[in-house]
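Engineer: Here is how the chains run, residue by residue.
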Amino acid sequence: MNKTVKNADEAIIDIGDNVTLMLGGFGLCGIPENCITALVKKGVKGLTCISNNAGVDDFGIGLMLKTRQVKKMISSYVGENAEFERQLLSGELEVELIPQGTLATRCMAAGYGMPAIYTPAGVGTEVAIGKETRKFMVEGEEKEFLMEMAFDADFALVKAWKGDTQGNLVFRETARNFNPMMAMAGKITIAEVEELVEAGELEPDQIHTPGIYIHRIFQGSNYEKRIEQRTVRKK
Amino acid sequence: MLDKVGIAKRIAKEIKDGYYVNLGIGIPTLVANYIPKGMNVVLQSENGLLGMGPFPFEGEEDADLINAGKQTITTVPGSAFFDSAMSFGMIRSRKVDLTILGAMEVSDNGDIANWKIPGKMVKGMGGAMDLVASAKNIIVAMQHVNKAGESKLLPKCELPLTGVKCVKKIVTELAVLDVTPQGFRLLERAPGVSVEEIKNATLGRLIIEGDIPEMIID
Chain A
1 MNKTVKNADE AIIDIGDNVT LMLGGFGLCG IPENCITALV KKGVKGLTCI SNNAGVDDFG
61 IGLMLKTRQV KKMISSYVGE NAEFERQLLS GELEVELIPQ GTLATRCMAA GYGMPAIYTP
121 AGVGTEVAIG KETRKFMVEG EEKEFLMEMA FDADFALVKA WKGDTQGNLV FRETARNFNP
181 MMAMAGKITI AEVEELVEAG ELEPDQIHTP GIYIHRIFQG SNYEKRIEQR TVRKK
Chain B
1 MLDKVGIAKR IAKEIKDGYY VNLGIGIPTL VANYIPKGMN VVLQSENGLL GMGPFPFEGE
61 EDADLINAGK QTITTVPGSA FFDSAMSFGM IRSRKVDLTI LGAMEVSDNG DIANWKIPGK
121 MVKGMGGAMD LVASAKNIIV AMQHVNKAGE SKLLPKCELP LTGVKCVKKI VTELAVLDVT
181 PQGFRLLERA PGVSVEEIKN ATLGRLIIEG DIPEMIID
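Line by line, the protein sequences are chains A and B. Using this note's numbering, you'd call the opening residue of the first sequence number 1 and step up by one each time. Using this note's numbering, you'd call the opening residue of the second sequence number 1 and step up by one each time.
Be careful, since some hints might not be right.
Computed beta-carbon distance windows for the label pairs [claimed, not checked]: (1) B:Phe57 <-> A:Val40: 50 to 58 Å; (2) A:Asn222 <-> B:Met121: 31 to 39 Å; (3) B:Tyr20 <-> A:Met137: 23 to 31 Å; (4) A:Thr67 <-> B:Ile207: 53 to 61 Å; (5) B:Lys156 <-> A:Lys72: 29 to 37 Å; (6) A:Lys41 <-> B:Gly53: 38 to 46 Å; (7) A:Lys225 <-> B:Gly149: 27 to 35 Å.
These aren't lab readings, by the way, just hints derived from the structure by calculation. In this text, a Cβ means the ideal position worked out from N, Cα and C, and glycines have one as well.
Please take these sequences and the hints and turn them into a complete structure.
Structural biologist: Below is the structure:
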């Protein structure tokens, strides 16, 4: 089953205003750079973005914030972005902060066909306000859990290291992060890869995300792969 | 009184051979530098790595290889990468033996506040709420008092909570304390710090029993 499309513009062709998007990546690591560039070019507005972070001022989701394309961010951590802060304080942007593990698991639940999960994260904090709770016995102790719903996203945009024409994906190092679970969670999932190969060239045993979850795949170009915090030691 | 390195060195003594450890941002990150040589410890980074190594040498940074603070890092032999759901899965199912993180406030029943200050820009909780809700052992590295000289070890946290009844031990510039059902139990004093000074800097219930030894820092 060939899932390949020519480029990012073609991949996002049916993404319109006011849709909910999932975007893979942790910080600027493993983000769908080409799709973000294409969305900025297309100028779609009113987007709800589910992504662990919101990029920086001039890169990643920050590019879509600058052009006021984002209506709402659902993230676990949104620091390092002055434009984000300005829009949040002025009320132009809505933000929902949720624990990182809850974010990952709500994506996972969607991909596994489960409507909800129970997690201890946020019990007794403001995250729990208005949520259904339930007690379970854990290691001989009664413990409270929050019910958190699976995400419902129109599109998931993910970035992999390698992929084949069938949509099978292989990620590299910590650029994997949220990409596999978001790939599974989107109603339509678009994968951009650094290297697109023919079906059969990837080792089936090494595939992280099977192609069944991927609707479109394309060979990305001009990856910047910007480093957010360059930390080194001297030789 | 301890400096940040002193706090990190003292916390490193809590790490045992065979531990899987998650280190938070700030002082906790420094703890990695003082894990005794020869000890088999695996560092977990919640963005998807077990076996985190030191920062890379100049010119060897890899944009795909970062820690939870988004810093470039390396791996050590035997490391493994995984996705974010699995990462928090191993945290939630208590496979990670020890979590070390910073705090703005801790209460004497073990509640912790470290993610939000009302009126200031809120950046988010990241993985902190997941970590504190699930970790079997949480050690907090923090300053005993804030810049205004007010205690951060309180009867009740004033800031929005990150988690409830979860902190087990606290290491500050003044002392090492356990969190017990009766309150903070003073275990050790920092070099040159008196019990009286610790009492004055602690607003929560403080248990002082017998002679309190001075900590030994190499």
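Engineer: Take the hints in turn and mark each one as holding or not.
Structural biologist: Hint check:
1. B:Phe57 <-> A:Val40: 50 to 58 Å: Hint violated: Cβ distance 36 Å, outside 50 to 58 Å.
2. A:Asn222 <-> B:Met121: 31 to 39 Å: The hint (31 to 39 Å, Cβ to Cβ) holds, given that Asn222 of chain A and Met121 of chain B are roughly 33 Å apart.
3. B:Tyr20 <-> A:Met137: 23 to 31 Å: 25 Å, holds
4. A:Thr67 <-> B:Ile207: 53 to 61 Å: 57 Å, holds
5. B:Lys156 <-> A:Lys72: 29 to 37 Å: Distance hint for Lys156 of chain B, Lys72 of chain A holds at roughly 33 Å.
6. A:Lys41 <-> B:Gly53: 38 to 46 Å: 39 Å, holds
7. A:Lys225 <-> B:Gly149: 27 to 35 Å: Hint violated: Cβ distance 46 Å, outside 27 to 35 Å.
Against the hints set out earlier in the document, violations occur for numbers 1 and 7.
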